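What follows is each chain in one-letter form.
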Amino acid sequence: MPREYAVIMPGPGGDKILYRTSGFTEDSTCIRQPLSDGTFLLIAGTDDLEEENRVLKTRLEESLSANHAKDAFLSSMSHDIRTPMNAIIGMTALAGKHIDEKDRVVDALSKIETASDHLLSLINEVLDMSRINSGVSVLSEEAFSLSDLLHETLTIVKPLMEKKGHAFHTELGSILCEDLFGDTLRLRQIFVNIISNAAKYTPAGGQIDVSISEELSGDLCTLSFACRDNGIGMSKDFIARIFTPFERASTSTVSGIEGTGLGMSIVKRLIDMMHGTIGIESEEGKGTAVSIRIPLQVREAPAPSYRLNGTRLMIIEGDEELRDLYKTYLTDAGAEAVFAMSAQEAVSLFSDAEFSGSSYDAVLIGRSTGDSGSIFDIAGYLHKSHPQLPIVLVSEHNWETIEYQAGRSGISHFIPLPFFRKSLLRSLGTVLDSSAAEGTASSASIDLTGRNILLVEDNLINMEIASEILASTNAGITRAGNGQEALEAFEASAEGFFDLILMDIQMPVMDGYTATKRIRSLDRKDAGTVIILAMTANAFAEDIANARSAGMNGHLAKPIDIARLMTMLRQYLQ
Amino acid sequence: MQEYQNRYLKNAQEISAGQFEGYDELTALRHENSRLLEEYLFPVLDDLPSADAGVLQELSEFAAALMDRRFNLDCGLYILIHDALLSLYRIRKDRSGVIRELYALGMGHYYRNRMLNGLPDRMVSSFHFENEMIFTEGASYFKYFDTIGDDETKGYILRCLGNIAIATPDRKRRVAVSSRMLQIIQDDHYRRLAPSLPWDLYLRSTHQQMSSNRDVLSKGDLSSDELAAILESCHVVFEPEKAADDPNIRWLWPYYEMEYSLGLADLNMTLYRMRHLIESMPADHHDASGLYANVQLPIYYGRLLRGHPELKNRSEHVQFLADAYGKMIQCILSFPSGSIDDFFRYDLDLILYDYYETEGTPDFLSILNVLFSRIGGTVYARSVQTGQIMQTICRAIYDSDPSYFRHLPVFPEGTAPEETGDILADYAMQCGILQDIGLFGMHMDRLLYLREMFEDELPIYRLHTEAGHLILQEKPSTRLFADTALGHHSWYNGSGGWPDTYVRNGSNCRQMTDIAAIASFLEENRELDRDTLLSELFRYEGTRFSPLVTAYFGSNQMTDEVFAILSADPSAAPVS
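Here the protein sequences line up with chains A and B, keeping their order. Counting from 15, one number per residue, gives the positions in the first sequence under this note's numbering. Counting from 70, one number per residue, gives the positions in the second sequence under this note's numbering.
FYI, nobody ran anything at the bench for these hints, they're computed from the structure. One or more hints might be untrue.
[To be verified] Label-pair distances were calculated between CB atoms; the ranges are:
| id | chain 1 | residue 1 | chain 2 | residue 2 | range |
| --- | --- | --- | --- | --- | --- |
| 1 | A | Leu141 | B | Ser564 | 36 to 42 Å |
| 2 | A | Thr528 | B | Ser564 | 31 to 37 Å |
| 3 | A | Thr528 | B | Asp269 | 56 to 62 Å |
The structure presented is a predicted model; accordingly, all values stated were derived computationally and were not measured. All C-beta atoms in this analysis are idealised placements derived from N, C-alpha and C, irrespective of residue type, glycine included.
Working from the sequences, and respecting the hints, build out all of it.
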């Protein structure tokens, strides 16, 4: 086999070398062979030229054929690839030239990010298409909740809607089965693709409506999904070609909208795989409606265990449609829903409740709160003033991205939007089940029957107040007037008898710190495990640290706040 | 008032006025204040349900003496007392008491939140929201206005309602609250229900509050009703001043500003008016109008230039701004030290956060050094010592490993090796001085030196690193010191530190930040003996502190020098 060769293209200015092996040198011994695409092969001198030329030519022909296929593909993709790459290269150079101008660099980075995202989606879709075409892609059958699926979908498309200032409305029709079997990943891909297209091909400030409904036949549920926009629309010609790879409406180029032209092809192939149908109606300049029907297997899910009957819920929600939904679902379930348009109104209602002796079992922070503060601020404030209440966030947010912050601000549960009857009641059931288990449903409902608390307090009035609060829990209460009495009471008790000690700090005879240290140092199993909470007005950060270093588990500010005391009891005893 | 309360107030006044001899006396005063609270106040709060009316009255009087509009001696203690009283009245189900304490607590939070002036919403929104909600709860009792017997309680409800507008950062809510307030105040029905209330004062204050929304006029997202309400209040507030022979500059400029926001005066006219107001005020006028013209207006002038980059090329504007800044500093530095109050401090904030440094104006670093050294008091003095410690550590590291600092962006190209050490020492000192500039910007001296800090003050204190970063990062001449201010309390290994989402300082100043973390730790714990302090330092080696730096500590000359610095009285620090 010849080791050194070159491929050349003859031209008016002489031969242009397209490729050559590293050791190739053109000299008088070279043999020139024409190839089918107009190029020539130059082979450096060898011994068995005829045979070697034949083999080499065959290989090159095969290679060129494959290259032609790739060229066709690249030709249709070239613009899509080059456009974002131009942006990335150009903006990188620009940022480098203006490295000291922060605004310019930030602007360039932002454009680079946009272009990179686009390029990534292009690559993903090309690979996806390739997998589907080659039959590598197989649908999975897994149990899923329709509510969760829609929530995930909306989480993904929401930023795009907000960016373009679209009015986005979701209409929930007849939902007969919320628990289904299907390939959620692919279903989500379909929904996201269609809604994203609507958002992309609708000028800023447009209207996009999504509706979902179901029809039931035996154990098969046909899911209908429709998305309607008032965007640029499509011609009839284009609708006929919309599922062909790399096709995009010509108007989209004019309006500068970028896309791979693969999305709808993928959607069509996936829907075909699911034995579903897709229909498109569109008119140029007026908008587009895409409707899908997909048959899915029904899944029987267990009914919620918790009965909402008799519960009272505060719901902060300004959206009228959602309020109606809450009202319908919750009233049917026997719960009372009290609505506030904003956190301010909620605070007002809570103050009413405080003086009327009523209470709430949970507070739901909804989508439209009409407040200046963020949902976390609202939750933080409510949690601080009503720590006994479960705070539930009902939102389109992606829970995973906000969970940490939500947890810190006191949000204990999350219900994804949109919700349906079953998903709402099930989620609320979980909230109230767990809060009932924790005893947090209302400050009066905590039941500590069988538990024993040692209450250490030298002030008679404080002792009386604390005893009165604790009496409502049905816990057994032993009183001690100072640290020494507390120590003696603990020593005299059977091991494990006391579950918790509420320890005043400033006391005659023996203070709370000393008593705690002495109890912790006793030679009995429960000395190290009994919960000891400081009750003190000492507010210095160092005091709190001292309480911990003395062996106390927590601290309760004085004068005692009933709600905060209950929260601590639940935290440590249940 | 009780003896301990008087004593506490006297100590607090002396600390605030800088009337102490050296750092040791300051520390003694601080310890005494903490002891007074521990021995006398906390036991009272501990047994508050059994306190009689006299004790509660004394507590209220004590709290009132801790805070007034002009000078807030101890906002934190004021809040603590009123929070306890609120809990008490909640237990007693005393509605009037609850309403009164909600108002007091809301005011406490409002004044304390002024420490957060200049910081971005993302950092402070939760503090403002809490404040807003406290007033909202107080205002929610308005529904009982007809049935509440005493006018005083009704007054607190109305003031809570009106004050929602000063607490909320939401401009639309501000407008809505003030509008509602104006309707109530002008409704004879309510006036008749509480005839002894100062209704006309409420009316004027609410119009003033509403007119302060004039900056939103140009935002374009207000309804016609909202626009009309603001313009109406502007008319009520400004027109009488405008017509006066000698209009008050504090009302005249807002009037001009409103005209600019409405497009009634163009930019050139507005700049001309502003120049005229600034030029017509002598630099040695230190009353409210003097500070307004000499400090606030130059800052606003700079804002306009910043917002209109095309003006940067017009030398007359930049030259005027440079002169106005010069006059501003002259005014600040000649301010009588005994008269420094909160208004002066908030004017100072404007300079720190909003100074516009551009080609042709004095560099911010020089101005900051002068202001900090003259007004920063003990915070400045301790920062200088931190700088000295940093210099000492840097010198030891540099002598041992000259390449350690090679990434610092402070060495001009072609720096001769013999000059490197001096440049490094200067940089270390300046980093040390400025690492706690956030404390100065947030007026933290009261938190730090009046008494031990309360648990609920820690979140505010912890913002000083971000505040410092903000002050330094925005101006070219101080940008080199910003990372050290941000990172000096963060954990070396990136696992903790104060900001919620902190990732260890990845800048090329990180070597200096690591040193600042150690130096500030040593300085802040100077009361510990040498062995304890060193063992604490080594305890955090590899987590909070860089092991590359702690390795230089031990029985050696550098450590001796560091502890010699720590043993000196920081109040002897040099003044620029």
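Do the hints match the structure? See the list:
Look at Leu141 (chain A) against Ser564 (chain B): about 38 Å separates their beta carbons, and that is inside 36 to 42 Å. Taken as a hint, the range 31 to 37 Å holds for the pair Thr528 (chain A) and Ser564 (chain B), whose Cβ atoms sit roughly 35 Å apart. Checking the proposed 56 to 62 Å range against Thr528 (chain A) and Asp269 (chain B) shows it holds: the Cβ atoms sit about 60 Å from each other.
Figure legend: structure checked against the earlier numbered hints; every hint is met.
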